[in-house]
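These protein sequence lines map, in sequence, to chains D and H. Number 191 in this note's numbering belongs to position 191 of the first sequence; there are no gaps in the numbering. If you want this note's numbering, it's the 1-based position in the second sequence plus 1000.
It should be emphasised that the hints constitute simulated quantities derived from the structure, not laboratory data. A hint or two may mislead.
Here are the simulated DSS-like pairs of lysine-lysine, each with C-alpha atoms no more than 27 Å apart in a straight line [what the hints assert, rightly or not]:
1) H:Lys1234 to D:Lys162
2) D:Lys121 to H:Lys1177
3) H:Lys1068 to H:Lys1109
4) H:Lys1038 to D:Lys183
5) H:Lys1068 to D:Lys169
6) D:Lys129 to D:Lys178
7) H:Lys1156 to D:Lys129
8) H:Lys1025 to H:Lys1038
9) H:Lys1200 to D:Lys129
10) H:Lys1200 to D:Lys162
11) D:Lys169 to H:Lys1234
12) D:Lys169 to H:Lys1038
13) H:Lys1109 to D:Lys129
14) D:Lys121 to D:Lys142
15) D:Lys162 to H:Lys1109
16) D:Lys169 to H:Lys1165
17) H:Lys1234 to H:Lys1068
18) D:Lys142 to D:Lys75
19) H:Lys1068 to H:Lys1004
20) H:Lys1177 to H:Lys1165
Since this is a predicted model, take the numbers as computed values, not measurements.
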Amino acid sequence: MTVCTRMRGHLGLALLLLLSAAVESNSMSPPGKPVLLGCRSPEKETFTCWWEPGSDGGLKTTHRLFYERERLEGKHECPDYRSAGRNSCFFDRDHTSIWVDYHLTVVASNELGNTTSDIFKMDVMEIVKPNTPENVTLLVMKREDNLYLHVRWEPPYNTDTKSGWVTIKYELRVKQEKSNEWKEYTSGTETHINLYNINPGTLYAVQVRCRLDHGSWSEWSNSTSVNTPDYPHNEKLFWILVSMLSAVPFITAMCILVMKRKNVKQYLLPPVPGPKIRGVDVQLLKRGRSEDVINALIINQSFPPMVAWKDQIEEYLIVSDDGLLLDPSSSQKRKKSLIIPAGFHLDLGIQCKEPTPVQRDLQKAEERKNEMDNFVKANTSLTEGNLSDMEPPQPPTQKQLFPIASFVKTTDQSPSKHNSAAENTVKPLANCGYVDIQRHENAKEVDVIEVDYSRVKEVSGDNILILQRGNIPGYMDIQRQKENIPEDYSRVKEVDGDNKVLLQRQNASTDSSCREKGNHYTDCTNQKLRNPHVTGPSKVGVCTELIGSGYVDTIPAPPLM
Amino acid sequence: MEAKWTKRMKKRTRKRSDDQQIRSKRKAMAHRRTSGSKLLMTVLYMVASCSAVPISDLLDRASQGSDKLHSLSTTLTQVLDSHFPPIGRVITPRPSTCHTSSLHTPNDKAQALQVSESDLLSLARSLLAAWVDPLVVLSASVNTLPHPAQSSISNKIQELQQHSKSLGDGLDIISGKMGPAAQAISTLPYRGGNDIGQDKISKLINFHFLMSCFRRDSHKIDSFLKVLRCRAAKMQPEMC
């Protein structure tokens, strides 16, 4: 029996369970347990709590919130179920206290029963979460060619900023158009901020949030965007245009300069004139033809005509026994004619002195090629064999040796002969007779050797010649005289012996015809010697008729005498 | 006549020179005086300016300190919450049992704004003074705290102590400026003893409870000081 009752009890329980299940499945039940989701205080003055109701059990269920608070007796109900929406409870300022704990419960009730939620413990201090900042404005500003973003906002709605009850701290984040990364900045308590590192030509988005004291952060505000302008690009274009335009004239100027560089060079760097000597042609010098150069260099210089003495080659006398000796070869060489003055006294008895200097002179004379053929010839002719060797004339006791030497003409006869003649001079020197004396010591501008002859008056002894003083017309070498040298022919007055010729004194008179060059003294003589016997001042050119002596050319003494 | 005239002239010149001398002397003296007085004035001004730091600046500095204090306590409680036994939420003591709860403080904005500045400062100072001892206990017991972030907690406790000390000193200076009413401090003795618990869980729970009390009190201090700052800087709305 007991087993049956037990079984009946179990069955009854099972039936009850089934019934309750059936009842439940018919959605008629007490409400489910609501759940308090949380509370939030936006400004530390009010707060709101929300709950989640449980199942309503098929019946109309109501929810009520009850709270207990520290330092407050009793259980109180939510003062405001509506303001915050459904399933919420709004605690206004009068019902909000801070730094006190709240114990909240929600009771769901319907006809079938009540259900109470768990206790939710909270302090207002912990649930502070402000609203989002308001009126976020974004501006692109420019300062000294720098772009920056100016972000400005307002404090969240209903938040006290005047009493210091709350201290709001802000935070913002910025995002460029293309990227997904936000860059965050802390603003502190300021409600504006300037962002400087921005790029032109992009879209920027900005969001702001805030926090009270050290509570929770608010939600981000709605994104505000702005486009930054593209200024530098425009500026770049502008400058590119400007540079292009300015480059064109520049290039043309350069082209012109390059094409006309020679002209430019001349204009800028004119050639420096070189030194110039008047009368000198540089080109001429460079080419280097000597005659032209010399002609160019020499300016109107007139030299005296060459060698007047050349024109006045006297005819020379060749005196010989055999007659006139024409020595054509010698005549060619002859440059100088022998002139024997009228007062010439050929005394062949005079011994020549000092053969050695004479010898030297002879050699010198050789070198000089001055020929005194006439004299030599004369000597030879006079001495008749003794004159085979050329006797140098005896040097005068007086003056110059050299002039005599010049007269010591070497003919074309061999020098050896001369030398030999020199050796043998002692003897035949006795026969040589003319003496050269330079009479005229006055400056007569004698280029050439002044030669004077004195008449030998007398020979005393071997060495001494006594010369006649007087107006012996010494003769000058023709070379020095430009003027017409009067030529005179002296008549041979007398011939004494073998060696002596006495000449007649004559006046100076010119006979130009006698100055013929060359050998044609015969011409001269022809002209003059018409009157061989004319005495006196008339000119007589004794030529060929002289016996043992040719005619003697005389040059009368210059007027200075 | 001439003699007279010359005499007069002489007198005049003498007088003139005398006058000039006197004038120059006076000038020198005046100059010295003015320079001396100027110097004195500048010295006084400097002294006055150096000593007369405006109270708003002091309060600003103090509120910065209290802000720092509160942030430290907040992070500490969050750290402790991360490793908190679920049962602790059940058996944790009620905040009314904080040792500072006996102090009557304003509980909302309206009340807080009605409190006078000196009272506010006194409250702040009292609260701050009440936590000197508990912080010592906490710093002593943090070494044995069975918490994974025990070292960072230990550092933070030390920081808390330092900031609390410096803030207390600053508030003393401010109270000196605000008058005798601000000087009164309510003593709130800590009666928790020298250790916070024997076993792990009680240690954790007690630690957590104390920190939550401290967090509340630091928030109170911070709020009061910021209200005071705003009130002191009437010409500077950005302080509020």
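- Are Lys1234 of chain H and Lys162 of chain D close enough, with their CA atoms no more than 27 Å apart? 10 Å, holds
- Within 27 Å, alpha carbon to alpha carbon, are Lys169 of chain D and Lys1165 of chain H? 26 Å, holds
- Query: Is Lys1068 of chain H within 27 Å of Lys1109 of chain H, Cα to Cα?
  - Reply: 22 Å, holds
- Given hint Lys129 of chain D paired with Lys1200 of chain H - CA-CA distance at most 27 Å: 34 Å, violated
- Message: Can you confirm whether the C-alpha distance between Lys1038 of chain H and Lys183 of chain D stays at or below 27 Å?
- Response: Not OK: Lys1038 of chain H and Lys183 of chain D at ~55 Å, beyond 27 Å, violated.
- Hey, Lys1177 of chain H versus Lys1165 of chain H, does the alpha-carbon distance stay inside 27 Å? 19 Å, holds
- Query: Lys169 of chain D and Lys1234 of chain H: Cα distance at most 27 Å?
  - Reply: Given that 27 Å is the threshold and the Cα spacing comes to 20 Å, the pair holds.
- Message: Checking one constraint from the list: CA of Lys1068 of chain H to CA of Lys1004 of chain H, max 27 Å. Satisfied?
- Response: Violated, at roughly 94 Å.
- Has the given pair, Lys1025 of chain H with Lys1038 of chain H, been kept, meaning a C-alpha gap of at most 27 Å? 19 Å, holds
- Query: Within a Cα-Cα threshold of 27 Å, do Lys1156 of chain H and Lys129 of chain D meet the stated pairing?
  - Reply: Since the Cα atoms of Lys1156 of chain H and Lys129 of chain D sit roughly 25 Å apart, the hinted pair holds (cutoff 27 Å).
- Would you check the hint for Lys162 of chain D and Lys1109 of chain H, treating anything up to 27 Å between C-alpha atoms as holding? 12 Å, holds
- Message: Can you confirm whether the C-alpha distance between Lys1068 of chain H and Lys169 of chain D stays at or below 27 Å?
- Response: The given pair, whose Cα atoms are some 14 Å apart, holds under the 27 Å limit.
Against the hints set out earlier in the document, violations occur for numbers 2, 4, 6, 9, 10, 12, 14, 18, 19.
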